[in-house]
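Chemist: Each chain, written out:
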Amino acid sequence: MAQVMTSRNRRRNAVNNVMLTLTGVCAVLTVSTLFLILSYLVYNGGKSLNLDFFTKLPLSPGQEGGGMANAILGSAEIVLFASLLGLPVGFLAGVYLAEFSPKRLGFLIRYTADLLNGVPSIVIGIFAWTVVVRPMHQFSALAGGFALSLMLIPITARGTEQFLLEVPRTMREGALALGAPMWVTIATVVVPAARKGIMTSMILGVARISGETAPLLFTALGNQFWSAGLNQPTASLPVMIFTHATAPYEDWHRQAWAAGLVLLGLVLVANISARMIVSRGASLPR
Amino acid sequence: MSTSPYMLPEKARHQDAPSHGLSINDMFPTAIPHSAGATTAVLQPLTAKMKTEHVNFYYGKFQALHDISLEFASNKVTALIGPSGCGKSTFLRTLNRINETLRDTRLEGSITLDGENILDKDVTEIRRRIGMVFQRPNPFPKSIYDNIIYGPKINGMLKGKNAAEIVEKSLRRAALWDEAKDKLHESAYALSGGQQQRLCIARALAVDPEMLLLDEPCSALDPIATAKIEDLLVGLKSQCTIVIVTHNMQQAARVADTTGFFLLGRLIEHAKTDIIFKNPSKKETEDYITGRFG
Amino acid sequence: MATPAAVVRPTRTLRKPLISGDELAKAFTFFFAALIIVVTFALVWQLWIGSSPAKEKFGFRFLTSSLWNPVTDEYGALPFIYGTLLTSFLALLISVPLGVGAAIYLSELASPRLSNTLTFLVELLAAVPSVIFGLIAIFSLVPLMRDYIEPALQNAFGSTPLFSGPAFGVGYLTAGMILAVMTFPFIISVSREALMAVPREQREAALALGATKWESTWQIVLPFAKLGILGSVFLGLARALGETMAVTMVIGNDPAIHASLLAPGYTIAAVIANEFTEASGKMYSSALVELGLVLFALTMLINGVAQLMIVLTTKKGSAKA
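Protein chains in written order, with numbering that gives the first Met the number 0: chain A, 0 to 285; chain B, 0 to 293; chain C, 0 to 320.
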């Protein structure tokens, strides 16, 4: 009997050790993908990245050199327009959700925001095409920015709401008790106290939309040259990566790698710095 | 009992109205002359700075306060005591209408400040006139200076006045000036807990309130910081009417002129502090004072 | 002031001035919050209206026909629905064991410091734009699949229809693999939260009865966090279904149904991405919009289930904690 128990226990311990090790292997595998991606991109992108990438226009296939200056500027325009549209709307909606909304209506808006946030980005593109591109009879940076702003609004609204709700109630009451009306309290005490968190969710949101490709495919379209204006087709880095990577030209592939490195660099820097703001912002007393 | 010099006339004991406090003129039958330079020998009655009548308060369907009628005498310290959950904090928070910022709450009855119903007045003006200090220090995430100047700024009290003077005066009144004068522009969170609480008192004083409500202001503080705040309150009452909620009976005994005892959302008894502690007229009060429950 | 008689005032509720700054602020911010509802409603409405020519012409046949021919203006969505579901299923097949395994390691074994660092890195992976996954897949995963993995699979299982046919490198399996990498950040981070919400007493009770660490994790902790983990899986699924760029770059763009996982195929998102700008005819673009509507409905359904499950576990955990 004792013999049986021992062998049984030995087996249980073996299973324990094997399975726990396997979970560690899973963790290593998943985390190492990030490093694989990073190193592969840095290796290939680094080879192709030079000053011309930031200053010159793309060349036709077969010609060596060139850059994506127009796409960098185009991306900046589109993202800036999306931010100007999406951040204020999202922020004010978040203030409403956190500070003013009655229970039922608040639930409805919150639920809808989460719904909008989950809409596949390609579907957002279709919507932007039907309400902006089709009436204007023109692909444009504006249409692209509009599409991206639709993705930014729910992210910003929910982020703002979350960080406003984290401001302790006593802080609000401190201001109310001094005779501040609600809106003054919100503007001068609550929002400043939640400033870092709100900024972070905004940075994360802008970083997310600046890497989006699908909503731009049939809104901003693309352009091999400088865009003639906000109401004209405009090049963007993500779309450039797509078109260059799927085209059969070797020097276009090199440009795609360079663009990928620049884009990922921007996105990761934004993410890491945003998280650093948050971890340093934990100075509010409980 | 009837030998007590503080014993009240029989009619004033409100035996038939258990939830109602005594009139303050019953409590202070030999009130001090009201005007300082009075040459007349006439004893003027004490004024009630604030009166509540038949106040009921509900959180949703739950009734937290039952028919509270109470008077707060001008330039006196009134303490509200009772076991936790007895409604003393809720009551205090109805006095500057801060409770109405909570969802799903309802107030019945009347609360008057200098004879005017505060429910009819502009709420921000009421809150400016009635300052409040909370259980936990809650300075804003701003500098010490900006914390003090916040109230005067939003209430438009800075016109033609020197902001730095207001800051200094308020900090002095809160006995914090010497400790804070060299770091006015540092974050308020750099102060200790006791200093933060005095900063909150200074912040409340900066708008020249006529009343000061304190909701267990010392519960998060050490004994030395507590002593400083108690001294401060006694000194402040010449300038404003003070109401303090406390779970600490010794604190009530030390600082308060009159004390109200709350139990289960009802005001059991309100009388001069030494009467409450030496010779209460209600059995519930006596039980609580002598530690028979809570 | 004389003591007034105790007058019972009529009960009253709190009154505010007619238009206060607060009311203005409330109305002002409400306008923007309402925009969210308006926009979402408009989005659904546009999808519905835009797809009505196709809905009227094909009716239910749209979902069951596998014919996609812009030349004859005949459109059926089945190959795309099949491709979308198959690639997402393959993705989950890979990412669920890996992701849940990693989540177990992070919540049960790793020190808090290590756990937070690794979770941070995994969440960074979620921030990588999908076009970059596609870029890397085209130049690394596709040749790898074509030259090594797919031939090996053919050698081993070539007799089954699942792994028959030539090795293209692009196709269902490759798309599934890249989707797996894109979904496991979600699965890991949400599953880890669910596991960490399991009360410590549950673990201790099992261990005190002589269970090994693995037994306590597998038999007690995992079942407790079951709903949250399922929620994370559905969240990953919703992301995989709607994912466009990376899939478009490696799926092979073939609007047909193949049994072989090695064959090229198509997904809903990919066909919209590739053909929407070229859709000349009214019926063509209407059919693509209807595909968008199908995709929208599919992801909304999955997202709704995911949210519900996550909410339920969090409640359960906090109620018992």
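Hints listed in this document are in silico derivations from the structure and should not be mistaken for laboratory results.
Yeah, the Cβ is synthetic: ideal placement off N, Cα and C, and Gly gets one too.
Incorrect hints may have been included.
Per label pair, the in silico range of CB-to-CB distance [as the list claims (entries may be wrong)]: (1) Pro222(C) x Leu107(A): 51 to 59 Å; (2) Ser191(B) x Arg274(A): 26 to 34 Å; (3) Arg274(A) x Gly84(B): 37 to 45 Å; (4) Gln62(A) x Pro96(C): 30 to 38 Å; (5) Tyr58(B) x Phe27(C): 24 to 32 Å; (6) Leu107(A) x Asn115(C): 33 to 41 Å; (7) Pro247(A) x Ala41(C): 49 to 57 Å; (8) Pro222(C) x Gly84(B): 22 to 30 Å; (9) Pro247(A) x Leu23(C): 55 to 63 Å; (10) Arg274(A) x Gln134(B): 31 to 39 Å; (11) Pro134(A) x Phe27(C): 27 to 35 Å; (12) Ile276(A) x Phe27(C): 37 to 45 Å; (13) Leu56(A) x Ala258(C): 29 to 37 Å.
Restricting the straight-line Cα-Cα distance to at most 20 Å, the calculated cross-link-like pairs of lysine to aspartate or glutamate (EDC-like) are [stated by the list, open to error]: (14) Lys152(B) x Glu124(B); (15) Lys141(B) x Asp103(B); (16) Lys281(B) x Asp256(B); (17) Lys141(B) x Glu164(B); (18) Lys102(A) x Glu22(C); (19) Lys152(B) x Asp21(C); (20) Lys227(B) x Asp256(B); (21) Lys120(B) x Asp146(C); (22) Lys25(C) x Asp273(B); (23) Lys120(B) x Asp21(C); (24) Lys102(A) x Glu214(C); (25) Lys195(A) x Glu185(B); (26) Lys141(B) x Glu165(A); (27) Lys180(B) x Glu209(B); (28) Lys55(A) x Glu249(A).
Listed next, the stretches of chain A that the computed footprint assigns to chain C, with coverage defined by at least 3 CB atoms under 8 Å from CB atoms of chain C [as the list claims (entries may be wrong)]: (29) 11 to 22; (30) 36 to 45; (31) 117 to 124; (32) 139 to 148; (33) 168 to 178; (34) 249 to 263.
Chemist: Hint by hint, which ones does this structure get wrong, listed from lowest number up?
Modeler: Result: hints 1, 4, 7, 8, 12, 13, 15, 21, 22, 24, 27, 32 and 33 break, sorted rising.
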